[in-house]
Amino acid sequence: MVGNDMMPWSEKYRPQKVAQVAHQDEVVRMLSSALDDGQGNLPHLLFYGPPGTGKTSTALALCRQMFGAQHFKARVLELNASDERGIKVVRDRIKTFAQTSVPEGRITNKETGRAVPAFKIIILDEADAITTDAQTALRRTMETFSLTTRFILICNYISRIIAPLASRCAKCRFMPLPMSAMRAHLSHIASGEGLSISTQLLDHMCEASEGDMRRAITTLQSTSRMAGPGGDMDDEALVTAACLVPESVLDDFEAAVLGSCSFKDMSLVLTNIVDDGYSVSQLILQFGRRIQENTRASIAGLSDLQKSAVVLKLAEAEAQMIDGADEWLQLQDIGGRLRETVQCATNQGSLRHTIQSV
Amino acid sequence: MTGVGKMEQEHKRSGLMWVDKHRSTNLAKLEVHKALNVRLLNLVRQGDVPHLFFYGPPGAGKRTRVMGVLHELFGASAEKLRVQHRVFKLGDPPKEVEMTLVMSNHHVEMNPSDVGIKDRLVVQEMIKEIASSVPLDAFQTTKKKEQNAAGPEPQGAAAAGANTSNNSAAHKPAFKVLVLHDVDRMSRLAQQALRRTMEKYARTCRIIMLATSASKVIEPLRSRCLGVRVPLPSDTELVQVLRHVANKEGFIVTDSFGAKVVASSGRNMRRALLQLEASKSQNYPFSAEQQVTKADWELACASISDLMLVQQAPRTLLTVRQKLYDLLTHAIPADIIFHAIVANLLRQVDQELAPQLVAHAAMYEHRMQKGSKPILHLEAFCARFMQLYKAYLSAIMDLF
Chain A
1 MVGNDMMPWS EKYRPQKVAQ VAHQDEVVRM LSSALDDGQG NLPHLLFYGP PGTGKTSTAL
61 ALCRQMFGAQ HFKARVLELN ASDERGIKVV RDRIKTFAQT SVPEGRITNK ETGRAVPAFK
121 IIILDEADAI TTDAQTALRR TMETFSLTTR FILICNYISR IIAPLASRCA KCRFMPLPMS
181 AMRAHLSHIA SGEGLSISTQ LLDHMCEASE GDMRRAITTL QSTSRMAGPG GDMDDEALVT
241 AACLVPESVL DDFEAAVLGS CSFKDMSLVL TNIVDDGYSV SQLILQFGRR IQENTRASIA
301 GLSDLQKSAV VLKLAEAEAQ MIDGADEWLQ LQDIGGRLRE TVQCATNQGS LRHTIQSV
Chain B
1 MTGVGKMEQE HKRSGLMWVD KHRSTNLAKL EVHKALNVRL LNLVRQGDVP HLFFYGPPGA
61 GKRTRVMGVL HELFGASAEK LRVQHRVFKL GDPPKEVEMT LVMSNHHVEM NPSDVGIKDR
121 LVVQEMIKEI ASSVPLDAFQ TTKKKEQNAA GPEPQGAAAA GANTSNNSAA HKPAFKVLVL
181 HDVDRMSRLA QQALRRTMEK YARTCRIIML ATSASKVIEP LRSRCLGVRV PLPSDTELVQ
241 VLRHVANKEG FIVTDSFGAK VVASSGRNMR RALLQLEASK SQNYPFSAEQ QVTKADWELA
301 CASISDLMLV QQAPRTLLTV RQKLYDLLTH AIPADIIFHA IVANLLRQVD QELAPQLVAH
361 AAMYEHRMQK GSKPILHLEA FCARFMQLYK AYLSAIMDLF
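Protein chains in written order, with full-length UniProt numbering: chain A, 1 to 358; chain B, 1 to 400.
One should not assume that every hint holds.
Only pairs whose alpha carbons sit at most 27 Å apart, straight line, appear in this in silico BS3-like list of lysine-lysine [what the hints assert, rightly or not]:
#, chain 1, residue 1, chain 2, residue 2
1, A, 88, B, 294
2, A, 12, B, 34
3, A, 73, B, 248
4, B, 390, B, 95
5, A, 110, A, 12
6, B, 21, B, 260
7, A, 88, B, 118
8, A, 171, B, 260
9, B, 80, B, 95
10, B, 323, A, 17
11, B, 200, A, 12
12, A, 88, B, 200
13, B, 89, A, 88
14, B, 260, A, 264
15, B, 34, B, 248
16, A, 95, B, 95
17, B, 118, A, 110
18, B, 260, A, 95
19, B, 200, A, 95
20, B, 21, B, 34
21, A, 264, B, 390
22, B, 373, A, 88
23, A, 95, B, 21
24, B, 294, A, 264
25, A, 73, B, 95
26, B, 248, B, 21
Residues from chain B that keep clear of chain A, each with C-beta distances beyond 12 Å, as calculated [what the hints assert, rightly or not]:
#, residue
27, 36
28, 248
29, 399
Honestly, the hints are just simulated from the structure, not real lab data.
We put the CB at the ideal spot given by N, CA and C, even for glycine.
Given these sequences and hints, build the entire structure.
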């Protein structure tokens, strides 16, 4: 078969054991004790947390350690959003799998020498994409077959899981990874791949990926690939690979919308940003962070009220773009509103009114 | 390539529009975005590519670069394309889905958003099936690789771009490539459905996604890909390409006319070439006062905004409505119409009115995206703009 060298690094370096999962100490402790126990004292589980924090990896690693490669196929059913998961599938496929009994008597896992617990596991990945109807249909199934079947639900947003399902599971929260954990893992991969990478770039990489390990690893791989064999990895390659908006473009944007140029000139700058293909939502995100940091002169000069009006507009535009609104138009609108906000510095009353009216 | 083959190909290409005729698929030879092309070449020559995500405005050259990547990966056989128009039965209960697939032996191109909200089924069934099956020649290639493994890696991969088609064909990668167009137009559920598929079958299949705006592609998908931003060509690059094409076609673009084309195309390469071709067929040699020949829909959009600026009355709205219907029935996407009208207006209205104009435009465009009947929102915007403009004009009159 195709060798491992063809795999994306995020797959290649996926943790194989629960204990290898970075940073999620509480979850790891709980699951390790369930593993050591050997009796299969495992409740239904609900993993939730932002992307790239190790939810799917933990679930797969747990199953692999429990059943070993030998029994994995027979005992684990993995369903994700790429599978049809309407109510019919819950009734047919999940129920049928849950109903099948497991062989009686002691079966040993050859890899660990421990007994294989007497149940099967159904992993429902990306569970927040399951329809409410189908979730409702799951309720009874989970209870009725709990003797032979455990469920692991994985989702980004726990609020999208209906309460009756959530209350049937032990909840494990996965936290965004801190810089230190990311840095350690990235440098481990870098040395495994024989890359030389400066600590500064590594830091930037971790910062850019905001606690998302998968994104950090993909960025690392892309950056090294972009640079070519033996090529220098630099910030520029990083910015391109991670789809960031470069600082210089942000500077232009800031000068245009917070400065005193005419609307036509500002409009031109914004049009060029869109024409250059920068992602407007990424621009909003990075600009919002600049406002939060509050270190730059043109931003620090704004009053608190003005800043809130600016952030408000950014949020509004971002929400509308998620609905599918046109990037160019939204950016122009942001520009127009921000200019207004900055220029009506004296008119506090109207600003307050704008904010309150939302 | 043999002389006969070349002639055949030339003959095949002679009926094409210039945009397609002069599209080069050799990354090393492309004239626009040279730095980007070198990066892509570096990437591909290591024999392995991650999933790729190309984003940038239309007419920037995304597809051209994808073709270049495929060419570099698989050699000339990636260009032997066949088009299949088929009806698939997908889902349970089965629903009929019409899809157009463009494929070669190594890759499949499709546009899942074509089928509207049924795109989720396309991702869940078709794409998954394509992604999960191992390409037929994968086994052969790995065998070859094992043979090579004894000796040093063939140095051919690092050789210059000119003869890549030969040596990259020698060791083709053991995966196939799935090219998805307009990923930003795919529904949320369909995008969700792609997440695990991209990871699970990464051994056998690489996915190349193309999108106009990166904002509309969900973060989990973006974080699984290497993002490649393709900006529109700069004015100077555009002029160069126009000259180059003219040179090949055997005519001359004057500096002034080239500048006109560049200005009216809005840096969009495709539009610029189409306009150049249209202008040439209308009148050549170019005269000093000749205007760039634009597409009909562009003229129609321009006339809508002009009408609104001349007279703000219910009757204008009726004329405008007629024109909008015309445009929509000719299958011009509503967001492009909207964009064109607003851009035209923005060019002509006063500074004081511009912020209000964009604010309203943004609002109505957003509603249009959420709603289901674009015509209503287009009309609403037009009516609203005329009201704004009239109020503005009378306010100015009062000043005097």
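For each hint, the structure was consulted:
With a C-alpha separation of about 53 Å, the suggested pairing of residue 88/A with residue 294/B is violated against the 27 Å cut-off. Proposed proximity of residue 12/A and residue 34/B is contradicted: the alpha carbons are some 32 Å apart, above 27 Å. Straight-line distance between C-alpha atoms of residue 73/A and residue 248/B comes to about 60 Å, which puts the hinted pair past the 27 Å bound. A C-alpha spacing of about 51 Å is found between residue 390/B and residue 95/B, which places the hinted pair above 27 Å, so the restraint is violated.
The suggested pairing of residue 110/A with residue 12/A holds, with an alpha-carbon distance near 24 Å, which does not exceed 27 Å. Under the criterion of a C-alpha separation no larger than 27 Å, the hint pairing residue 21/B with residue 260/B is consistent with the structure, at around 23 Å. Taken as a hint, the residue 88/A and residue 118/B pair is honoured in the structure, with Cα atoms around 18 Å apart against an allowance of 27 Å. For the hint linking residue 171/A to residue 260/B, the alpha-carbon distance of about 63 Å lies beyond 27 Å, and the restraint is violated.
Distance hint between residue 80/B and residue 95/B is unfulfilled; the C-alpha atoms sit about 31 Å from each other, more than 27 Å. A distance of roughly 64 Å separates the Cα atoms of residue 323/B and residue 17/A; the hinted pair therefore is violated under the 27 Å criterion. Pair hint residue 200/B plus residue 12/A holds up; C-alpha atoms about 12 Å apart against a cutoff of 27 Å. A C-alpha spacing of about 24 Å is found between residue 88/A and residue 200/B, which places the hinted pair at or below 27 Å, so the restraint holds.
For the proposed pair residue 89/B and residue 88/A, the alpha carbon gap of about 18 Å is at most 27 Å, so the pair holds. For the hint pairing residue 260/B with residue 264/A, the CA-to-CA distance comes to about 20 Å; that is within 27 Å, so the pair holds. Using a Cα cut-off of 27 Å, the hinted pair residue 34/B and residue 248/B holds, with the two alpha carbons roughly 21 Å apart. A hinted pair counts as satisfied when its Cα atoms are at most 27 Å apart, and residue 95/A with residue 95/B qualifies at roughly 25 Å.
Using a Cα cut-off of 27 Å, the hinted pair residue 118/B and residue 110/A is violated, with the two alpha carbons roughly 45 Å apart. Only pairs whose Cα atoms come within 27 Å are accepted, and residue 260/B paired with residue 95/A is rejected, the gap being roughly 67 Å. This hinted pair checks out: residue 200/B and residue 95/A have alpha carbons roughly 24 Å apart, not beyond 27 Å. Of the supplied pair hints, the one linking residue 21/B and residue 34/B holds, its CA atoms being roughly 21 Å apart against a limit of 27 Å.
At most 27 Å may separate the alpha-carbon atoms for a hinted pair to count; residue 264/A and residue 390/B meet this at roughly 21 Å. For the hint linking residue 373/B to residue 88/A, the alpha-carbon distance of about 33 Å lies beyond 27 Å, and the restraint is violated. Between residue 95/A and residue 21/B, the direct Cα distance comes to roughly 57 Å. Violation of the 27 Å bound is thereby established for this hinted pair. Of the pairs offered as hints, the one joining residue 294/B and residue 264/A holds, with about 24 Å between alpha carbons and a cut-off of 27 Å not exceeded.
Among the hinted pairs, residue 73/A with residue 95/B is inconsistent with the structure: their alpha-carbon atoms are about 31 Å apart, more than 27 Å. Taking the CA atoms of residue 248/B and residue 21/B, the gap is near 11 Å; set against the 27 Å cutoff, the hint holds. The non-interface label for residue 36/B is inconsistent with chain A: the shortest C-beta to C-beta separation is roughly 8 Å, within 12 Å. Consistency note on residue 248/B: stated as away from chain A, and its beta-carbon is indeed over 12 Å from all of that chain's, at 26 Å minimum.
Listed as outside the interface, residue 399/B is consistent with that label: its C-beta sits roughly 20 Å from the nearest C-beta of chain A, beyond the 12 Å cut-off.
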